[in-house]
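Enquirer: Here's the letter readout for the chains.
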Amino acid sequence: MERVIGIDLGTTNSCVAILEGDTPVVIPNRGGYKTTPSVVAVTEAGKRLVGHIAKRQAITNAENTVYAAKRLIGRKWNSPQVKNAIMTSSYTIVEGPHADVRIKLRDKTYSVPEISSMVLQEMKIVAEDYLGEPVKKAVVTVPAYFNDNQRQATKDAGAIAGLDVIRIINEPTAASLAYGYGKDMDRTVAVYDLGGGTFDISILEIGAHGVFKVISTTGDTFLGGEDFDARIIDWLVTGFQDEHGIDLRQDRMALQRLRDAAEKAKCELSGVRETEINLPFIISTGRNEALHLQRTLARPTLEKLTEDLVERTVDICKQALADAKLDVSEVEDVILVGGMTRMPAVQTAVTGYFGREPNKSVHPDEVVAMGAAIQGAALVQDRQDMILLDVTPHALGIMTFGSYFEELIPQNTTVPTSRTKVFTTSRDDQTAVKILVMQGESKRADENELLGEFILTGLRRAPKGHVEIEVTFEINTDGIVSVHAKDMENGQAQSIQVTATSGLTQDEIKNMMTNAQDYLVERRVDEHFEAAKQEAETLIAEIERLFPEIERVVGSADFGRDAIAKARTTVERTRTAISSKDTALVKEQVDQLSRTQRMFKGVVSRG
Amino acid sequence: MSKNDRPRTNLRPSPAPLARPRADSDWDDEKTVPGLDLDDPLNEFDRVTAIPELPSEQYVKNQMEKAADSRVPAPGTAPPPPPLPAPAPIQTLAPEDYFTLDSAPPPSPRRSADSTAPYAAIRGHDAPTVAPPPPAVSQRPTRSPGVPPQSFSLTGLELDLDSVGRLKAEPRVEPAGGRLDPRDPVLELSLDEKAAAAPSPETDAGPIGAMKDRYAMGDFSGALLIAEGILEANPDDLAAPRYAQSCRDVLTQMYAARLGSLDQRVAVAVPSDQIRWLTLDHRAGFLLSLIDGGITVDQILDISGMTRLDALRIMYQLLDQRVISLSS
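If you're matching them up, the sequences are chains A and B in order.
Under our numbering, think of the first position of the first sequence as 1, with each following residue one higher.
Under our numbering, think of the first position of the second sequence as 1, with each following residue one higher.
Errors might be hidden in some of the hints.
[Said to hold, decoys possible] Computed spacing ranges between beta-carbons, pair by pair:
{"hint": "1", "chain 1": "A", "residue 1": "Gly31", "chain 2": "B", "residue 2": "Thr307", "range": "41 to 49 Å"}
{"hint": "2", "chain 1": "B", "residue 1": "Asp320", "chain 2": "A", "residue 2": "Lys264", "range": "26 to 34 Å"}
{"hint": "3", "chain 1": "A", "residue 1": "Thr348", "chain 2": "B", "residue 2": "Asp273", "range": "31 to 39 Å"}
{"hint": "4", "chain 1": "A", "residue 1": "Lys47", "chain 2": "B", "residue 2": "Gly293", "range": "41 to 49 Å"}
{"hint": "5", "chain 1": "B", "residue 1": "Asp273", "chain 2": "A", "residue 2": "Ala99", "range": "52 to 60 Å"}
{"hint": "6", "chain 1": "B", "residue 1": "Thr296", "chain 2": "A", "residue 2": "Gln294", "range": "25 to 33 Å"}
{"hint": "7", "chain 1": "A", "residue 1": "Asp107", "chain 2": "B", "residue 2": "Thr296", "range": "20 to 28 Å"}
{"hint": "8", "chain 1": "B", "residue 1": "Thr307", "chain 2": "A", "residue 2": "Asn515", "range": "23 to 31 Å"}
{"hint": "9", "chain 1": "A", "residue 1": "Asn476", "chain 2": "B", "residue 2": "Gly293", "range": "23 to 31 Å"}
{"hint": "10", "chain 1": "B", "residue 1": "Thr307", "chain 2": "A", "residue 2": "Lys318", "range": "50 to 58 Å"}
Quick caveat, the hints were computed from the structure, so don't treat them as lab data.
Quick caveat: nothing in here was measured; it's all calculated off a predicted structure.
Where is the CB? At the ideal position from N, CA and C, for every residue including glycine.
With the rest of the complex left out, here is chain A (with noise of 0.2 Å):
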């Protein structure tokens, strides 16, 4: 049967998953971690690092790493969030051809989705090592605030790595399904997320036969654990310019290790009281010195630096809960997804706030993939008892009079859905009416996303209010929209279908996968010459290191000669094979390698 894995895209960390049995799993990557970070960056020999490698260097190569894509991806380039991007990141965003966002690495220019699928092809990558076997379908996550645009491009990350997106999930639904909700029961739970980079709080109405409600979401795009580090960094960076007069800060090899050991210690000081920071020749000084830095955290005092931004967490839940006009007693369980819910003092606000201890039988950082797991192998298995019904994330409608929005259908309908509803002019003698479609929750037009639009003309003159106007909303299986408006005196109508769009064409996409794929093929080979590089070096040391017993025991005889001079031949055609990286060149080597270790081993211990 077909394997699907589930992937957490996150917006600092991926992870993927897959149902073995009737069990999700996760998959570590090849240096045992669970979670891989979502960054992306390119060395100045033109190399591509992703994961871990890539923020290793992510301060000191600032200018070409990208971290933190989630907050860019199916977003136009006049966004209020793409302006606060520029401002912030320290790698170039571009404007794109279509409106729409592309970052500069190096001297290439990359697409959003692009650089996305280059995380969620080393997540393909790590399920085959995995799994020894190709895989082309994946369910990804993504935040249940994202509109059709940012689905549709996180779908054209996933097509450009290679994957087969067969459903985009909502975050907080995936964390609920890998607690085991949606089982015929009916709760109200809260789904607490706080990542490494944001912060979300959802509230579910989950339902019978499947159907998971989004009642509210809310959050914070920039709260999440690396606003924890940086009260860290600041802490040690204060502390070291008091003792030394120097700003460690204005040093990126600096600032990098103060990053990775602040993060470091954060994580250490969910499990212990106390920590040690200790970092050796941090800088040098003008004297021809190198100083350490070397400092004790206690986990009181990472209390006391960050619980303005657990009280900040707090204060969000009280807006998600206003949002969904219910009171905070009648949230039957609360989710903890994400790795800073690990933190003691999170678990307790959260606790103190919901007045009941969160589920956490779950690891927080794996759940969420762990879900999206379990609903691709009940698609594939056409479980229908675990399928989630598709709905639409936000409420749809089109603009009236005074720029206000009428919903058409409310969010979280089930589809394939059709609404009507009969909608008059406004003005006297108003012979053409512009119809714009929506997206969005808010009762103004102009705070919610604008679709498409159309034009329907030949209305009859007449006073305002006298001609009616039928509006048809269709949303079919494939989440495409249709829109139709029509003159019910004269059948006059216009139509336009809205799909969404990631602001890249098919033809882009084409070439990007082409790309994509020319990269896996060359990481393939690479990979096959390691191994084959690996078993050969093994081999020629194990000979090396035989010969001189060889030499003792048959080096006297003709026969004994000219099989130490055939072996030392075997082992310098390897080494030129080696250095010409022909990796059938060396395969074949292993082989006579092979047979001349076996021989030696023979004479060794007959000898």
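Following the hints, put chain B in place on chain A, whose structure we already have.
Expert: Frame of chain A, contents of chain B only:
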């Protein structure tokens, strides 16, 4: 205290060893210096390979006598210019004194803490047997394709002054119009008044000459130091960037050869509580901080935040001091 530690003074290059030719060396300029085109007005290597036929001491004595004669002014002419200072005597050093590795680069007041620093010389026994060709005008010297860095032979480069007598001196030819040809190699040792009064700004005098000397003698670290100093003073200099890049290429290959396969995994060989007692700088400290037991040399070079040469040099020093270990 590291054995490589020594007071940092200034940018003055370390003294270079005497270079000896190999038994099969051919001192014909056109063969020993590939790419040398004597007709090429921009090839500045003419001077270093033109050795006169006479024993050097005798030759210099002759030239000094000629210079003393030529310095006597004719009646009514301007007084002679002050005599040039005698060239510094070439020191013969023991091999272990030729080059030592600095534990840290000498500081430059114009550089920030994380910028690249001047390079220390490398050990004499690490110098290649064959000096690479000088940088051409339009292309950098490259080694043969398929030849790995490990193919560099690491023995000293020495010059046997006794063999100098076997060389033919280029006859001195007065160019048309009486104007001295700056490419005339004999000019190097000539104390002729005209040459002394109007030294070519492009070739012989000062740092550029010293840079070429160092390069020709295989002191690439010293040559690079001088080249960078020249570029700081005069960013538009034509020769210095080429020499600097060539030195960097050679030194990079040499350090890479010393480290071996870049796929080797790096581990810290010193207990963590003893690291602070080593004599390192912040850049070595940064590289040490990257080592997590699974990282390879190549990966460290990718994320070092410094030039490949600097990172290789520091890695080599750390390996040499047994602060780190490598394993395949």
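Enquirer: Against which earlier hints does the structure fall short, listed by number upward?
Expert: As far as the earlier hints go, 1, 4 and 9 are violated by this structure, in ascending order.
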